[in-house]
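Undergrad: Chain by chain, the residues:
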Amino acid sequence: MKMKGAQIFLESLIREQVKVIFGYPGGSVLDVYNYLYESKLQHILVRHEQAAVHAADGYARATGDVGVCLVTSGPGATNTVTGIATAYMDSIPIVVFTGQVPTMLIGNDAFQEADIVGITRPCTKHNYLVREVKEIAATIKEAFYIARSGRPGPVLVDLPKDVLRESAVFHYPEQLTMRSYRPTYKGNKRQIVRAMEEIAQAKKPVIIAGGGVILSNASKELTSFARKLSIPVTATLMGLGGFPATDPLSLGMLGMHGTYCANMAVTSCDLLIAIGCRFDDRATGDVNRFAPAAKIIHLDIDPTSISKNIKVDIPIVGDVKEILKDCLAIASEQKVSKEPHDEWLREIEDWKKTHTLNYKQTDTIKPQFVIEKLHELTKGDCIISTEVGQNQMWTAQFFTFDKPRTLLTSGGLGTMGYGFPAAIGAQVAFPHKTVIDIAGDGSIQMNIQELATAVQYQLPVKIAILNNHSLGMVRQWQELFYQKRYSHSTFAAHPDFVKLAEAYGAVGLRATKPEEVVPVIKKALATPRTVVMEFVVESEEGVYPIVPAGAPINEMILL
Amino acid sequence: MRHTISVLVDNKPGVLARIAGLFSGRGFNIECLSVNETLDPTMSQMTLVTRGDDQLIEQIMKQLNKLIDIIKVIDLETSDYVGREMALIKVNVDEARRSEVLSIADIFRGKVVDISPHYYTIEVTGDEDKIKAIIELFKPLGIKEIARTGKAALQRESKERKT
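Those sequence lines, one after another, are chains A and B. Per this note's numbering: the first sequence = residues 467 to 1025. Per this note's numbering: the second sequence = residues 6 to 168.
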């Protein structure tokens, strides 16, 4: 039976088990929207295309499935770029469908034409311009496969209007043959054996858990591995939740705003086992003085991550879950002494005690206090998204993440405006879970229009704005490194966030004193609607520890 | 060190842009590049010359391999290979120097492919050193223009791979 391109498109999504599309209509995709009108696919109408991508990204991070969005050509497409780059940097599987002007007009500077395939080439895992209706189904099959396999990432599919209007016989390919793309999943056996030998001999081993642990659903394996061999675990920002933060072996996050003990442990260790991380500069500090005494084992599915920033001694390319399973199998055959690293663990315990994450309680609200209370009152049983800056770092430090896929944050690109739409995506996936966006007063205004989306779909997303009336992280850097010259980092004008929430049809709450924090959070959690909580916090509060850019991570400015 | 890298790619629109974008975006350098169809019209063969230390070359190879449309990447420097490029050189020929130009061309097994009263165009094929050498010899005589192809390179058969 012949079908229109637009129908083939929707049918292909159903074959890929897509349940929801985050989108925004426009001229080039009118045909798709025409069939979407009667489709069983859920469509969430956002208020800005950037938010559609972040929402699909949040959906993907929370569920592990591929997030999908659909936008029109030209400005619709270009508005997705920040969202795509965000997903690319954090290896998040999404497929972005953009409308395109009819094929005969491509290259003519037609109305709402943009070369989105050209624009997004460097920030997608792969992208396509579909030139014929009969290619739609196979391209979609490939796009989803590429997005979710190997090191995941965003894929963009550009669909010209005429291609969507033409007809073809629908045939969804069962099998996929790609001669040029075959990700490696199984780790090299010999390398694994070598790694396990090093691990058996190490006196001071440390594991760094990166985002790859979450992406490959390897938390269980990592936890058994670390516990079996008594190896302490630190996490990158993207790895938080990959290993339970409440476990005695957990060191917390490492890097620029890492804990004292994590940074000291990594600097002093004799063996570093990096699992699904890519040694970002925010995690390593000065690479020349990073883990100077350590042999480095690196597990990663992406060969380009290995020896890119940090020279690795034993690389193992493959899916970290698969590799950890193989490591565990070897470990269970080996005799492991009961207290293999006692001395090392005592040293770490000392570091933990010397400098804990802390803040000084005063009569103004401390942002860290708000985050602690959010954790306490939800019992950690929620999905947290963050914006970018101080709010993000305090969340990473003070919210104890015990489970994977509970922290949605833009780690690589550092996209302000990410958190709220990502929370919407997660809430769509899990309507009955508590989803909280921890935001700053700067970031929240970068996608605040999505309040309308949340209200329209009755999504009970909670937003906690830590309002310090400034771009706190910028302000902090100016304070520490730019002689307190606070150039354009404070906001002289702000909306009334409570009234703003109400204007959108959401609930607005405000706390200005420490004793109001708990009642506001309790009320928000008890309200099954979109709620904006504004916490007027200490504006001079900084994130500590902080490692100055270019310094080694053991040179921390502590509180 | 200079490396000649052979890249087999899917013959699809935009592949060259992907490779060029990869090099510019990551600050890698392409010194020369040639692209041709292979016997199988669904594939193209690219030969590119780049420069870098071992770590950089390793990263370039991995990044190339990571591109979805790329089927195979070979660093020809790890084995013996034959590499050739072709140059067309338009040389100034006044009466007195005509024979000098011809004898240089002859020594390099070049061919005169165009003649005008004032210029000869010489076609010469060889590795980079040979092309460089003939250009150096023609320079004092006055070169009006040069057009060079990128390098075409193939691994030698039946030779042990260098370790």
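It should be emphasised that the hints constitute simulated quantities derived from the structure, not laboratory data. No experiment lies behind these values; they were computed from the predicted model shown. Some hints could be false.
Beyond 10 Å from chain B on every Cβ pair, some chain A residues (computed) [what the hints assert, rightly or not]:
1) 583
2) 587
3) 638
4) 839
5) 1021
Mimicking DSS-like on lysine-lysine, the simulated pairs with C-alpha atoms at most 30 Å apart in a straight line are [what the hints assert, rightly or not]:
6) B:149 - A:774
7) A:777 - B:77
8) A:607 - A:470
9) B:77 - A:600
10) A:655 - B:77
We put the beta carbon where it would ideally sit given N, CA and C, even for glycine.
Undergrad: Now, for every hint given, state plainly whether the structure supports it.
TA: Verification of the hints:
The claim that residue 583 (chain A) lies off the interface is violated: its Cβ sits roughly 7 Å from the closest Cβ of chain B, which falls inside the 10 Å cut-off. Against chain B, the non-interface label of residue 587 (chain A) is violated: not every CB pair exceeds 10 Å, the least being about 5 Å. Annotated as non-interface, residue 638 (chain A) keeps its C-beta farther than 10 Å from every C-beta of chain B; the closest such distance is 21 Å. Separation of residue 839 (chain A) from chain B is adequate, the least Cβ-Cβ distance of about 44 Å exceeding the 10 Å criterion.
Residue 1021 (chain A), annotated as away from the interface, keeps every beta carbon of chain B farther than 10 Å; the closest lies near 26 Å. Restraint check for residue 149 (chain B) and residue 774 (chain A): not satisfied, since their Cα atoms lie roughly 44 Å apart, outside the 30 Å limit. Taking the CA atoms of residue 777 (chain A) and residue 77 (chain B), the gap is near 25 Å; set against the 30 Å cutoff, the hint holds. Annotation: proposed proximity of residue 607 (chain A) to residue 470 (chain A) holds, straight-line Cα distance about 17 Å (limit 30 Å).
As the CA atoms of residue 77 (chain B) and residue 600 (chain A) are separated by approximately 28 Å, the hinted pair is consistent with the 30 Å bound. Annotation: proposed proximity of residue 655 (chain A) to residue 77 (chain B) holds, straight-line Cα distance about 24 Å (limit 30 Å).
Hint compliance for this structure: hints 1, 2 and 6 are not met, and every other hint is.
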